[in-house]
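Respectively, the protein sequence lines represent chains Z and W. Quick note: this note's numbering has the first sequence finishing at residue 360, numbered continuously throughout. Quick note: this note's numbering has the second sequence finishing at residue 362, numbered continuously throughout.
One thing to keep in mind: the hints can contain errors.
In the DSS-like style, the derived pairs of lysine-lysine whose C-alpha atoms are separated by at most 25 Å in a straight line are [what the hints assert, rightly or not]:
| no. | chain 1 | residue 1 | chain 2 | residue 2 |
| --- | --- | --- | --- | --- |
| 1 | W | K271 | Z | K114 |
| 2 | Z | K111 | W | K249 |
| 3 | W | K357 | Z | K118 |
| 4 | W | K271 | Z | K118 |
| 5 | W | K215 | W | K249 |
| 6 | Z | K131 | W | K249 |
| 7 | W | K356 | Z | K110 |
| 8 | W | K271 | Z | K111 |
| 9 | W | K271 | Z | K108 |
| 10 | Z | K37 | Z | K189 |
| 11 | Z | K131 | Z | K110 |
Here are a few chain Z residues that sit away from chain W, every Cβ distance over 10 Å (derived from the structure) [to be verified]:
| no. | residue |
| --- | --- |
| 12 | D209 |
| 13 | R230 |
| 14 | K276 |
| 15 | R285 |
| 16 | Q354 |
Derived by calculation from the structure, the hints in this document are not laboratory data. Please read these numbers as outputs of a predicted model, since none were measured by experiment. The beta-carbon is built from N, C-alpha and C at its ideal position, and this holds for glycine as well.
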Amino acid sequence: MADTMQNYVELQGINKHFGSFQASDNISFTIEKGKLVALLGPSGSGKTTILRMIAGLETPDSGNIVIDGQVVNEIPASRRGIGFVFQNYALFRYMTVYDNIAMGLKVKKIPKAQIKERVDSLLELVSLKGMENRYPNQLSGGQRQRVAFARALAPNPQLLLLDEPFAAIDAKVRQELRSWLKEMIGKLGITSIFVTHDQDEAIEVADEIILTNQGHIEQIGTPEEIYRNPQTAFTASFFGQNAELPDYHDFRSFAELDHVDRVLIRPEFVKVYKQDEKIQYERTASEGIVESVSFRGDRTELRIRVNDAVLAAKRNPGEPAIRAGEAVKVFLYRIFVTRGNEVIPLENLALQTDMVVF
Amino acid sequence: MMKRKSTKKTRVIPGFGLSFGITMTILGLIVIIPLCSLVVFSVQLSPAELIRTITRPRVLASYGVSFVTAFAAAAVNAGMGLILAWVLVRYRFPGKRIMDGLIELPFALPTAVAGIALTHLTTENGWVGSLFAKLGIRIAYTKTGIIIALIFIGIPFVVRSVQPVLEKMDPQYEEAAQILGFGPVRTYWKVIFPEIFPAWLSGFTLAFARCLGEYGSVVFIAGNTPFKTEIAPLVIMAQLQEYDYASATSIALVMLLASFLILLINAFIQSRASKKVSGIV
Ligand SMILES: Nc1ncnc2c1ncn2[C@@H]1O[C@H](COP(=O)(O)OP(=O)(O)O)[C@@H](O)[C@H]1O
Ligand SMILES: [Mg+2]
């Protein structure tokens, strides 16, 4: 009993086809009440389809959707207690901001004075006081998103669904809105699912990530779990700015494995030394040539060629500068090796033998 | 540093001067000069004569017939065209392509052909006319007949104005309405209709203006009884046949001003609607 109270949303074996194309392949997951969950995956992986099925805008071919302990498959969208923020907001262009927010209350035959009170408090919440008589096209992208947010919240939904809520907003404002949305949802305590294709966004905003790929779920976990311990080859390659190594035997002291498909290395696992810098693991470092250096403000990104491999690495502003063409030494802490759909993390053996924790 | 020859904004496709010149020449030759000649001919009359000409009882009655029938036909087209456009965009059914193609027929057909066909059909001996005659309703040679001819002429305007807007409309508006709990009626009036209203009004206005000027299809079915079924364009025609150009053009001028006024009202309403979506505060 306590279990069903905890799991506010549950999908059980959902399948969905568009013609012969399978957009959802046996999707099952549960979401706890009050959690902010990201549906993350590359474009076309079926994220929006899942969101639309939960909302009732699309019907699954098979499987059950459970909201608050009740199977809602047969319940129309309007009675699922859901707020939906569309990717391009879908604000009603010929209604003022006030009417857009009030409309969902008017249909419920709520007294006018009460509607006004609710709309005013929502306008306050999304900091749009004084904008109530504008039309959506007279607002900036960020303001429009907040109107869409207020409109979705107006009827007091128990579940909020957001489709790529930050995609249409320029980078600077996006950062602010991310923290704003996380804070707002936390404050309201409303169970929320948002769709995104941006791993940074999911990691920063979500309590939990559901990673989708080609219509199925690859992995579910907290941002930390899913980033640190990828369970599938896809997850390992999706997160981080991976470089691929043609042959990891070029790099010293990793365990030997047979039948390796791909070898992935993330920049944070690459340590670069200038020739005259002191090296902790001299014997296991490889010689490389810096191909390019690009300044990124808070860090410098390097591309380094080691035999046939090109590695990405980062360097902090405090460390001695490295120039393009310079010969350097490279040490790899950790690599991901994939075999079929399996992923095996390999630590550099030098770390284990020396018993040094870096 | 390179010096810019001019500070003028450069355009991707040049040739504003040339294309604007051509536009003005065409507009001038085909629209403005003929319309000015109307005014020139009319002022051959003294103001008192002019007023007398355009307010003769028979002429006044013909304006009435023209406006009432044109408005009625445009109104019917506004309703029917909206439904036709809706059906053509929203549903799939066999014969849809043919139906879509038929919409343009009134444009392609010589209007006299339509007039003769409709007259044959609606006289007391015609297929349709004989049925209504049993009910005591006459169609041909009455205002009803005129309205039917004008409806036929005006069909394409509303359909072809509304259709592309409906096709382009983002289905997410309706989904948003659905989730907020709007019923079908509220969704239609609050969400869909405001979107198509400007195009719909344009279609109505064009149909109205076109019906006001329609001559070819109406003369056959109208019977042309003075004070009853005589339309203004026919009065103009009659004046011309008597070589009374001044009278003909003055009455035409009245019609021109009426059409202009209708289009102006339309433009005003359109600009109010477009302000809401153009982003100007
Ligand atoms: N209504 C539809 N008809 C046909 N195919 C669709 C429809 N909706 C989505 N698809 C297909 O399903 C796949 C997944 O779509 P979607 O869920 O929108 O992906 P995502 O949101 O992850 O980018 C895409 O390949 C898309 O083309
Ligand atoms: Mg999507």
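Hint by hint, here is what the structure shows:
1. K271(W) / K114(Z): 18 Å, holds
2. K111(Z) / K249(W): Cα-Cα ~32 Å, so violated.
3. K357(W) / K118(Z): 22 Å, holds
4. K271(W) / K118(Z): 19 Å, holds
5. K215(W) / K249(W): Given pair K215(W), K249(W) is violated - Cα atoms ~47 Å apart, limit 25 Å.
6. K131(Z) / K249(W): Given that 25 Å is the threshold and the Cα spacing comes to 33 Å, the pair is violated.
7. K356(W) / K110(Z): Roughly 30 Å separates the two Cα atoms, so the pair is violated.
8. K271(W) / K111(Z): 16 Å, holds
9. K271(W) / K108(Z): 12 Å, holds
10. K37(Z) / K189(Z): Satisfied, since the Cα-Cα distance of roughly 12 Å is no more than 25 Å.
11. K131(Z) / K110(Z): Within the cut-off at roughly 24 Å; holds.
12. D209: 24 Å, holds
13. R230: R230(Z) clear of chain W: closest Cβ-Cβ about 37 Å, beyond 10 Å.
14. K276: 40 Å, holds
15. R285: 57 Å, holds
16. Q354: Its Cβ never comes within 10 Å of chain W, the nearest being 55 Å, so this holds.
Of the numbered hints listed earlier, those contradicted by the structure are 2, 5, 6, 7.
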